[in-house]
Amino acid sequence: MHSDTLTLAVGALYAICVALIVATAVRGSLRARRARVHERRVDALRGPVEACVLEGAPMPRVQPADVEPLLDLVLRYSSMIRGRDVERLTQCLGEQGVVDDLGRRLKARRAWQRADAAETLGRLRVQSAVPALIVALADPSEDVRTVAARSLAAIRDPRAVPALARTLADPSRWTLSLVAENLMAMGPAVVPSLLDLLESKEHNVRVAAVQILGEVRDPKATPPLLEMLGDENLNLRTQVAAALGKLGGAEAERALLSALKDPEWQVRAQAAKSLGRLGRPAAAAPIARTMPDDNWWVRVNCAEALARLGAPGRRQLERLTRHKDRYVRDQAVAALEMYGLKAAG
Amino acid sequence: MDTLLRLVNDFVLVYLLAINLVYTVLLAISVRASGQHGRRMGFGGYDVILHSPLTLPVSVLMPAYNEESTIVEAVQALRLQEYGEFEIVVVDDGSTDATLERLVAAFALERVERPLRLTLACAPVRGVYVSRQMTNLTVVTKENGGKADALNAGINASRYPLFCAIDADALLERDALLRVVKPFMERPQETVASSGVVRIANSCRVRDGNVVEVRAPRNPLALLQVVEYLRAFLGARTGWSRIGALFVISGAFGVFKKQTVLEVGGYQKDTVGEDMDLVLRLHRHLRDRKERYRIVFIPDPVVWTEAPETLRVLHGQRNRWHRGLLECLWASRSMMGRPKYGPVGLFGLPYNLLFETLGPIIEVVGYGILALSIALGVVGIHFVVLFFALAVGYGVFLSIAAILLDQVRGSRYHSRADVARMLAFTIVENFGYRQLQAVWRAQATVDYLRKKQGWGEMRRKGFATDAVPQEPARTSVAAS
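Note that the protein sequences, when read in sequence, are chains G and F.
Taking this note's numbering, the leading residue of the first sequence gets 1, the next gets one more, and so forth.
Taking this note's numbering, the leading residue of the second sequence gets 1, the next gets one more, and so forth.
Rather than coming from a laboratory, the hints here were simulated on the basis of the structure.
Nothing here was measured: the structure is a model prediction, and the numbers come from that model.
Mixed in with the good hints, there may be bad ones.
Think about it this way: if two alpha-carbon atoms lie no more than 20 Å apart in a straight line, the pair counts; the simulated SDA-like pairs of lysine to any residue are [unchecked claim]: (1) F/Lys258 to G/Pro312; (2) G/Lys220 to G/Ser200; (3) G/Lys201 to G/Leu236; (4) G/Lys246 to F/Tyr15.
Please build the complete structure, drawing on both the sequences and the hints.
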């Protein structure tokens, strides 16, 4: 049977190999050529665009073929300029039809094109695109959602805050980081929206809101967080203890001291860590009392917290090196050693 | 006799076509997946992961046994990783050379009485050292117990929720950690393990633990391995990962969620394939619990490693790898073909049994039968030539496709001469190297079977149990 079929198959295989190599080589050189042409156009546009960015000259009218290089060039500048300059630049691009075009691409069929458009709108900080980007937050593609969230956050338009806050329900920690970072940068303006989220029914959302409130460090957040230390959810209580360690203040400290007696070890460990972070020497004695705990992490965090509390903490650690429990002794010695307190004291 | 030989020949031919069909399908999936990945990468976000306070911190575990010549440079290289919060835990596995002394001298290490939490059993720890210069460096020195044992000790000493296991002679690219952690950021609940590409550093120029100039190896044996690695990583693992059947994460570079690894009891000590073994046990554990999870391979974080340049060393390595594979397959035989174990049970393991394990044996037997058939005049020389041309052609096609895929998706090799040499070697490897591999693997199978008979079943402690480690029995090692 085989001979003829085999010959054919073998021939085809080798032909495919050669074709693949040729195709890759051609693709490579085409790309290189396209890149060179693009760079040449960018170079040609550089002078006028710089004049527009730096000196406020009007943006030159460009040929349709030059729109991509223009956008590329503007994007390179967009990370460097702020405020009114950005608005003027987007306005100039708007006159060229670039913004409308991006708006259309936000509805493209391919997900990566939509994501690309969302990304560019964000980098150009196009205020007028905010409503469309809010719509894109519900895009079926995860990439588009993420990019839209990031772009909205980058534009820092207060209109977007509630919508962004809702994206915190997204299970992706990446989105969370992106959104959180920008919400943090937006500062106290986001606090009311976040406080609303603390009432959310979704566990993830509440945890995320607590985390961001911790990072934003607005004292307005302290009272509602204090209440949540009594929540029945373990993870939430732990996050609240972490956030309180960042917010600080007398009330937060009192609450954390009582959290050292929480029935769950995760909360106790986090409370000790937060107290160490706040660095108030008065916390030394209660932390030392908590340290002979059954849980490893509670012991470690208590010892490390004590090491950060200055002379009173050190005295407590030295006392603990004579504790009857060997594990407590070991941990106290380790903490003293780690922080070089032995030599100093 | 004639008919029998003819039947065997036909069988080998069909087998050859089947194996290559599988490889082609995997390749096609890989091409598609890496294209999607490339586009997604364009949207970046790595800067956010780098700076965000919400990024998960990572413990980098580096087991070292007699690595005095490279260990200091390896640690130096790691400290330059672009990543937010991470620590480096070097585990000196009872080295008999100056590994520990070199570290002590280079980083001004001081011995501390830090108690280790023994969540996983490991050989006795002799001491824990920390550095005042590099606050995120810990060195644990212990009695020799093998790589798996050292990794378990490293897990005990680590503080963070993710750990990254790397070889002491592996060089991570600056942003490798950042890239490999991204899946954990995208889906923190589901992602259990992720890994990147291993590339071969022979002939590359390395400065301060960084590959600064990439060159294809001058040594032909190493160059053959470059082609082999490209095929395995870019052409196959991307595909396995996409269909959710990734059955191995290279011991040279992989990030794991510590909690899940603790749940399965850490690394298994009595196997030479501890990396594959761990991944298979993770699959089993998570499937048994019916959890949603991901174990992924991503084609852009890169780790560079030195490949053997002599046949003797290479033989040793491949023999070990193949025995490791067989041990893992035996250990996970109850997952084989079971829909309950998802794509790994249905595709990954059967593939390893049918092609990776039986392949070399069938290949060796096939060569014998073919020779016999020619001698007896059962088949014409024309058929033999065609047959061989087909086998070679398919091999060449798969290798070329992998090299080109690498080129298209951002290769590290930029010199045309290097690429041309690699392409030429796709043909060379079919004459000698490939057959040698088959013989070595067939040999390894025999070695494995012999040893198993000798040692009996007792070597296999069943790890089917889902023992979740209890909250610490208050164990500690007062290192003395």
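Now for the hints, and whether the structure bears them out:
For a cut-off of 20 Å, the pair hint linking F/Lys258 to G/Pro312 is broken: about 35 Å separates their Cα positions. About 18 Å separates the Cα atoms of G/Lys220 and G/Ser200, which keeps this hinted pair within 20 Å; it holds. Between the alpha carbons of G/Lys201 and G/Leu236 the distance comes to roughly 13 Å, so the proposed pair stays at or under 20 Å and holds. A distance of roughly 64 Å separates the Cα atoms of G/Lys246 and F/Tyr15; the hinted pair therefore is violated under the 20 Å criterion.
Violated hints for the displayed structure, listed by number in ascending order: 1, 4.
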